[in-house]
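Spelled out from the first residue to the last, the chains are:
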Amino acid sequence: MAQLALGPPSARMLAVIRLTIRQVLATRTTLVFALLAALPPALAVLFAVVRKVPTLHINATGFDVFSFFMVTYYLHVLLVVIALFYATALIHSEVEEKTITYLLLRPVPKPHLLLAKYLTYLMAAAAILAPSILLSFGVFELSDGAHGYAGHLRYLLWDLGVMALGVMAYGAVFVFLGTWLKRPVMVGLFFAVVWEWAITYVPGYFGKLTILHYLLSIFPHSTVQRGVQTLFGSTTSRPMAIMVLLLIATVFLGLAMETFRRSEYVLEQ
Amino acid sequence: MTPVIEVIEASRWYGQVVGINDVSVALPSGVTGLLGPNGAGKSTLLKLVTGQIRPSTGQVRVLGEPIWDNPPLMARVGFCPEQDAFYDQLTGRRFLEGLLGLHGFTRADCRELATRALEVVAMQEAADRKIASYSKGMRQRIKVAQAIAHDPEVIFLDEPLNGMDPMGRRHTVQLIREWGAAGRTVVVSSHVLHEVEAMTPRILMVNQGRIVAEGDVHEIRALIDEHPHRILIGCDQPRLLAARLMDHEDVLSVRFSAEEGGVEVATARPDRFYSRLPEIAETHGIRVDRIFSQDDNLQAVFDYLVR
Chain D
1 MAQLALGPPS ARMLAVIRLT IRQVLATRTT LVFALLAALP PALAVLFAVV
51 RKVPTLHINA TGFDVFSFFM VTYYLHVLLV VIALFYATAL IHSEVEEKTI
101 TYLLLRPVPK PHLLLAKYLT YLMAAAAILA PSILLSFGVF ELSDGAHGYA
151 GHLRYLLWDL GVMALGVMAY GAVFVFLGTW LKRPVMVGLF FAVVWEWAIT
201 YVPGYFGKLT ILHYLLSIFP HSTVQRGVQT LFGSTTSRPM AIMVLLLIAT
251 VFLGLAMETF RRSEYVLEQ
Chain Y
1 MTPVIEVIEA SRWYGQVVGI NDVSVALPSG VTGLLGPNGA GKSTLLKLVT
51 GQIRPSTGQV RVLGEPIWDN PPLMARVGFC PEQDAFYDQL TGRRFLEGLL
101 GLHGFTRADC RELATRALEV VAMQEAADRK IASYSKGMRQ RIKVAQAIAH
151 DPEVIFLDEP LNGMDPMGRR HTVQLIREWG AAGRTVVVSS HVLHEVEAMT
201 PRILMVNQGR IVAEGDVHEI RALIDEHPHR ILIGCDQPRL LAARLMDHED
251 VLSVRFSAEE GGVEVATARP DRFYSRLPEI AETHGIRVDR IFSQDDNLQA
301 VFDYLVR
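Residue numbers (my numbering), protein chains in the order written: chain D, 1 to 269; chain Y, 1 to 307.
So here's chain Y without its partners, still in its complex pose (with noise of 0.2 Å):
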């Protein structure tokens, strides 16, 4: 599959600071979600992609263009940024007319792709109000109308999800996959792993300026369940419990957790776990109210991928 986003070994610092470090990826049509933690450089990696900035070495080329410096490329890229910024003072439909019209479209095509972009975020209602009063959530949508108004190739978001409430975010989710399907480019960043995986099985992760994992995310979840996990379970009998499940040979260690009230276990086989507690806690007349598992969150998948 041709890419049409090309990262060739590219760096870049600011100053001393290595924002990401000889990174080379190649991204097809469809969509890919951008995961990292706080500080990874997913950001960088965006802001390079999108041309904001330009690489210290190494190339960035999108469609087949360098999209450094490259303003006609500019039309087949939409990008929606994670910074809460608008010009307050103007409706959501002026919004979207005024950028628009940097593409040098007519006033009636301005208005016309305007009223499409708001019917896709479900933002007709508000869109004669002034930005200013709108929530976080109608912001975030705004930005998403923004970056897909005038039909872009490839659309980059940068934490589209920040501040939506469950419909929008479940809209949301549902028009990156559309656009996926449909053929497009779209490159989204977050740093909440089952966000992404709601979007797209195919994600990149980056940390300390580096890929780290790139791929499916199914196969990077094997490779996480791999490794020790652990588990913590709430309930009414936590000495009965650990005792029990001391009996089981994929149970590497069980700990008594106080400030949570239940037990901490780590094992190395998580999946025959999860099957067999349903069945030890009946079997012994334990009531299990809740299962946390402390390394389902991204932070933990890094910590595997890097360690």
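Bound-form chain D, shown alone (with noise of 0.2 Å):
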């Protein structure tokens, strides 16, 4: 018989990313992800309605709650959320589900199998806290009159920036608890809640020893932490923190790959 010709690697990574896609966009992880990435522009909206009653005297502008959103909830919650669900899932689901065979029995090797569902990942998460921050940042712009409108975009890049480096070093750190371990999510958790929230303001060096520290060191707005650091004498530069998150990402997504090409998932009948 005739063997079919197969595609180059690049078509069957592709190949990945859309059954991916697919399988992303069918949980109901993805409906709530898009329910709370939807909970800042609805409030932006209540918060622009209700300034402008004239017996409540607010004088927070709406950048002032713009910033506020995305410290305490897009940077220390959502962001976190959203890679601790979908990166730990990645390998782990397909495992769960008992559909790993299919994706292994390909000619796809797993190192990339588990490249082309990170660079998914990024996609989704990409897609949900984008245009909730734009949303929310557009809104509560319009609330202040626009007046700095100008002025604050230079902090929405930053802040978009910041987000994406996030996304990159958590989601590597999670794709690998996900390939490691069976019970990664449990792990992740405790990765992200006690380690990473309560480490983050311990003062004196421990900070360093989280990816928190390091994204909070290039956020542009003031945080409570931030006058931690400088108080003990902590910081740490933008472009090292900068260098230090892609390396986070780097070093978690190649052990991530390494352990996943060395795995045997020995599904129980």
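Treat the hints with care, as some may be off.
To be verified - Calculated cross-link-like contacts (lysine-lysine; reagent style BS3-like; alpha-carbon spacing at most 27 Å):
#	chain 1	residue 1	chain 2	residue 2
1	D	Lys98	D	Lys182
2	D	Lys208	D	Lys110
3	Y	Lys130	D	Lys52
4	D	Lys98	D	Lys110
5	Y	Lys130	D	Lys98
Everything labelled a hint here was simulated from the structure, so no lab data went into it.
Two independent chains are provided; combine them into the complex using the hints.
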């Protein structure tokens, strides 16, 4: 029988991405994330309406509230939650659903398979976070009358950059946990809540062992953590923070690819 | 004949548990039935030859190459897993096209190959329905379709007839025979002897992690026939039948079976016994309503072979 010619590796990786996108879109997790991402724009609209009420004396500007949302909600909550649940599930859900066999018995090297899934995760996270941030920014700025719009645009670009680096770094760590552990979500949750949130605010150099420390180091808005860092002289420069975040993403993605390449997935019948 | 699949002194342990133990086997092209009771090690053997796991010791080669961590070789291999797992949100057609895409085929090629595979397993009509809505038999057929859609040289089918209706079973058995006749290498795992007998005379029997028999199923049947067989006969006059059967030297023992409502006979010559039974019944006016060979099942075969 004539052997059908294999397509190029890029075409095979694209096929993995297409298949993963269909899976991601079909999950309830995506619906929950979309609702969580819709919250800030909805609150921005509410803020714009409420500040027009003359009896309420609201001194905060729309940009102040946007900054607050960026720190407390996007950076500390939504980014970590999306990375945790999407990235750990990339391989783990295939194992849980017992569909991994269909992927592994194809001419796609395991590291390529994982890389394609990681790229899909980046796209999915960006598709949820970016519109939400852009919309919130737009509505908050409009509520201010868009006076300082041009000056604040710089902050928005930095915010998007910080979120992109956060998605990459957290995603790499969580995808590694997903390939390595049987219960990655539990360990990931511990990492996200106990390690990331608690350790970051411990004075001294401990904070440098967290991803959040580096994200906050390049964050354009003023934060409590930055104040604490400055007080104890444990700040990290922006170029260094960017390098460390890229390094974390690269190292953990590499570890995930190697772990996945070596792993056997013996499914229980 | 050059072996397509070679397992050379391979063992595989799961911690303290032995999956397979020092197995060496070489399979040529054509259909081979992999038989064994549940937990015998056939799933481990199948996982080894499909490269899902690597041997603890020894080697496993398919088409002359090691199968573990060899993605290009996967283009020449098709596998139908036993587990009933799918991307349920996809239609049957999208499922096939998605998996064909992993070979790097163009979208047009994926569509064409998927359509062809759906025709082969007679699933064209349900192709655009979501897999979640499929019956067990349809899910089984779509699993077979994904295993053959990319036209592989070697096909591994793990319990492919599970859950299929009689029509589906007959159709799938016919397909497997055709693939074997066309020069493909097909390995079919099953725990039902007569299912495999319908596909191929060549079988490989696994028990307790070892190959206990390899070769022609008829030879193995002959081997079984050398051992005493227990045959249960349901009839209207069990006492009379028992008395008459005892007159024959090939009958070793006779026992009344109250729960089964008949006579259980042990015979060293089942072929001769079966040819005489109608004559005995007719001569003495005994109405036989059923005959059941208690040894005509796989577990009994293994009991004989490992005794």
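How the hints compare with the structure:
1. A C-alpha spacing of about 14 Å is found between lysine 98 of chain D and lysine 182 of chain D, which places the hinted pair at or below 27 Å, so the restraint holds.
2. Our distance criterion of 27 Å between C-alpha atoms is broken by lysine 208 of chain D and lysine 110 of chain D, whose separation comes to about 32 Å.
3. Restraint check: the Cα-Cα separation between lysine 130 of chain Y and lysine 52 of chain D comes to about 50 Å, which exceeds 27 Å; the hinted pair is violated.
4. Straight-line distance between C-alpha atoms of lysine 98 of chain D and lysine 110 of chain D comes to about 16 Å, which keeps the hinted pair within the 27 Å bound.
5. Taken as a hint, the lysine 130 of chain Y and lysine 98 of chain D pair is honoured in the structure, with Cα atoms around 18 Å apart against an allowance of 27 Å.
Hints 2, 3 from the earlier list are contradicted by this structure; the remaining hints agree with it.
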